[in-house]
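Trainee: Spelled out, the chains give:
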Amino acid sequence: MLFALPSRLRRRGILGMNERNVGYIGEYNSRRFYPLVDNKLETKRAATERNIPVPELYGVISYQHEVSSVIAMLESHDGFVIKPAQGSGGKGILVVIGRHGERYIKSSGQEVDAQYVRRHVSNILAGLHSLGGRNDHAMIESLIDFDPCLASFSHEGVPDVRVIAFQGVPVMAMMRCATHASDGKANLHQGAVGVGLDIGTGRSVGAVQHNRRVTCHPDTQASFTDLQIPHWTRVLDLAASCVEMTGLGYLGADVILDRERGPMLLELNARPGLAIQVANRAGLRSRLTEAAHIAAEAEDHDTRIDLARRRFSVHSW
Amino acid sequence: MVSTKTQIEFIAGVLMLFGVGLTLYKVFALGFPLLPGDYREVWTIESKVSFQPGDGPVDVGLTLPPAMGGWVVLDEHFASSGFGFSIREEIPRRASWTRQLVDQPTTLYYKIQAYRPLERALPERSVSKVKPPRLESDQKVAMDRLVTVLREKSSDVESFTTLLLQALDPQSKDPDADFLQSAWDDDLGDILLAVLAYAGIPAGEVRGIRLEDGRRRQTLSSLVEIHNGSRWVTFDPRTGQAGMPDDFFPWQRGSQAVLDVLGARNSRLEFALLSNSLPARNVTAMEQRAGRYALLNFSIYALPVEQQGVFKGLMLIPVAALVVVVMRLLVGLKTSGTFMPILIAIAFIQTTLFVGLGIFLGLVAVGLWIRSWLSYLNLLLVSRISAVVIVVILLMAILALVSYRLGLDQVLTVTFFPVVILAWTIERMSILWEEEGPHEVLVQGGGSLLVAVLAYLAMSNRLVSHLTFNFPELTLSLLGVILLLGKYTGYRLTELYRFREAGDQD
Chain Y
1 MLFALPSRLR
11 RRGILGMNER
21 NVGYIGEYNS
31 RRFYPLVDNK
41 LETKRAATER
51 NIPVPELYGV
61 ISYQHEVSSV
71 IAMLESHDGF
81 VIKPAQGSGG
91 KGILVVIGRH
101 GERYIKSSGQ
111 EVDAQYVRRH
121 VSNILAGLHS
131 LGGRNDHAMI
141 ESLIDFDPCL
151 ASFSHEGVPD
161 VRVIAFQGVP
171 VMAMMRCATH
181 ASDGKANLHQ
191 GAVGVGLDIG
201 TGRSVGAVQH
211 NRRVTCHPDT
221 QASFTDLQIP
231 HWTRVLDLAA
241 SCVEMTGLGY
251 LGADVILDRE
261 RGPMLLELNA
271 RPGLAIQVAN
281 RAGLRSRLTE
291 AAHIAAEAED
301 HDTRIDLARR
311 RFSVHSW
Chain X
318 MVSTKTQIEF
328 IAGVLMLFGV
338 GLTLYKVFAL
348 GFPLLPGDYR
358 EVWTIESKVS
368 FQPGDGPVDV
378 GLTLPPAMGG
388 WVVLDEHFAS
398 SGFGFSIREE
408 IPRRASWTRQ
418 LVDQPTTLYY
428 KIQAYRPLER
438 ALPERSVSKV
448 KPPRLESDQK
458 VAMDRLVTVL
468 REKSSDVESF
478 TTLLLQALDP
488 QSKDPDADFL
498 QSAWDDDLGD
508 ILLAVLAYAG
518 IPAGEVRGIR
528 LEDGRRRQTL
538 SSLVEIHNGS
548 RWVTFDPRTG
558 QAGMPDDFFP
568 WQRGSQAVLD
578 VLGARNSRLE
588 FALLSNSLPA
598 RNVTAMEQRA
608 GRYALLNFSI
618 YALPVEQQGV
628 FKGLMLIPVA
638 ALVVVVMRLL
648 VGLKTSGTFM
658 PILIAIAFIQ
668 TTLFVGLGIF
678 LGLVAVGLWI
688 RSWLSYLNLL
698 LVSRISAVVI
708 VVILLMAILA
718 LVSYRLGLDQ
728 VLTVTFFPVV
738 ILAWTIERMS
748 ILWEEEGPHE
758 VLVQGGGSLL
768 VAVLAYLAMS
778 NRLVSHLTFN
788 FPELTLSLLG
798 VILLLGKYTG
808 YRLTELYRFR
818 EAGDQD
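In order, the protein sequences belong to chains Y and X. Start counting the first sequence at 1; every next residue gets the next number (the numbering used here). Start counting the second sequence at 318; every next residue gets the next number (the numbering used here).
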């Protein structure tokens, strides 16, 4: 069928864009907390204060005249990531995974020179990749050495886990895997695979690409059926802590899993998208209602997560 | 504490009831027509006499139009603050404003409402003897040749006049006509009258106004009338056609000055024009009631014509806003910029839909192409957008010039497109193209255009413009609807498609 009946979507608890905007973002996310989320530097600072693990920050470039010093700053690092502090939708992120003499190797395998890196930083400062074209800062971060058990699930990109948390309760989660079609980006509408994750166990419950069900990664052929996110408890704990950290009642936390340091907070989103429902084949609406009950029942951070894990658990596959 | 939802519902309810209630009151108690049914085109013509102060007393005389050629004047108003005012009931009638001392630039107003129920020719009048014009010898030779040639080609006085108008047309290459035109560096009317007089044809000038809806600074134009032996026939010098054009309001027969100003400098006579579709009886009835119902003094009709014209357009914008709200919140179309579609729709009103779409797509396509080159140059954002603005202006100029040369006058309306909005659209589309690919450009660009077209269709709808202009209080109801939609939490149409799989499952 081309269209779903509204009554059917409602019964399945699907959250629509209007309800998300009016009922959750408008209601629970006060605008004054947005800068903390929209600016990745601020997020990182606040997270460090609370001992939430984040990728290491090598340096920040704030002014055009500092651009020439960027190469010196990168001297001691083989791999690094340069990104705009206020970028949106994963734009303007340069991932360098190694060196070949004087040249840098991008995650796609392409080699670029120092001039390319400087121009990239200069573009970031001019606001090319930032919301509304504002002047921005360029952050240089450590390269994520992501957990080898997830390596086969992503093509040319870092797989991350998006957890939606509401009032300190983790509500729904998915892993986003870059594909060749998505050009190494983790956006679902560009062709990345979304893998729904069981809140209870961190195991996959299903995967979709382009809104269609898939069972294995289109490029690496790795089967999603046996996917299990390691350190699941810490992933949920991290996401729930972000609610307390930011003051935002409804948010999406993007978590990456480092080989050595375990789950780390990559960035936060005050307006998380609705695609997670497609990946999970479940509605956010009913879960959010339940999450509100949990938040009312339990004050304690760990109890809330416990209750969520028990109530939102679903049968895998 | 009342929830915001209840508050909104209450406010929206009050607004909608107030708007609809006032409308119903105006329909049933005051007899305003709810539907644009058997309407006549009523023209409001506002004459503005403006002048700079001179020394000494000022005396302004304005010839008033007698209703002729089937025109009926429904109503007339004079505005003359601080001036002595009188109307001399001679033929033609003349209004006169006088004042001892004027110390600042002044504008006097004379407003009439007129419509033309019947298409009549101008009334008969006596034919005076034709006086031949005084000519230099070389002019006489040229005139003689011209008249002889035209007489040979024509069968009667009327065809003579038509041929003469063709010969005097700047496009024609008649050497005698050209010479005469260079000799009289005056306007067309004078040569015309001179040639007609030389040919012994009784002729005169008819001065009046060419009616264009929404026109602000119209000046007087002229027709020419000739006596064909049995009756007077009017010709439009622009087209060469016989008969009174529909869009011409005759003000005065004869070449005398319409406006005389003594004791002041730089006097000007300009007209602001507005056409309303109203039943004539309603206009008369309304004018009679205007004194009795305070409500009517607060209707848009109470404003000066220029502002009425502006409001006619302004009151349509809420309708376009409603279209945008519905398409975005209920349907879920993506548009590039929230109100960009409204501005494009307003431009479409001036250009007409298909021409407008063509111009818009052309400009954006060429703009995108040039913008991709600018992107390669790696400029800072502000200067890049400004560069795009300038490029858009240049494109408009080129488009206007080329189309004018090709005789496509309609394309000249390109200037009605808001330049800055176009530039931003190009910039956004270009960034979208680089970051998300052409598919997303198609989705957002197509969404914006679709919303713009729908907004245009709503705004150009006769019923809609009738309702918004005659019942501005309906805008309050519209506001109520938009407030309510702001609290709509149901699904969007596109979401029913997006989540169709989720709905399918058991």
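Calculated from the structure, these hints are not laboratory results. Note that the structure is a prediction, hence the values are computed from the model and not measured. Watch out, some of these pointers could steer you wrong.
As the list claims (entries may be wrong) - Between beta-carbon pairs, the in silico distance windows are:
1. X:D530 - Y:R212: 31 to 41 Å
2. X:I325 - Y:K106: 30 to 40 Å
3. X:I325 - Y:E42: 50 to 60 Å
4. X:S703 - Y:Q228: 52 to 62 Å
5. Y:R212 - X:P735: 16 to 26 Å
6. Y:Q64 - X:R533: 24 to 34 Å
7. Y:G200 - X:I325: 38 to 48 Å
8. X:S703 - Y:D302: 49 to 59 Å
9. X:R533 - Y:R212: 55 to 65 Å
10. X:F327 - Y:L5: 23 to 33 Å
Unchecked claim - Partial list, derived from the structure: chain X residues whose beta carbon lies under 8 Å from chain Y:
11. P492
12. F496
13. W549
14. R809
15. L813
Just so it is clear, CB atoms sit at the ideal spot from N, CA and C, and this is done for glycine as well.
Trainee: Can you give the numbers of the hints that this structure goes against, from lowest to highest?
Mentor: 1, 2, 3, 5, 6, 11, 12 and 13
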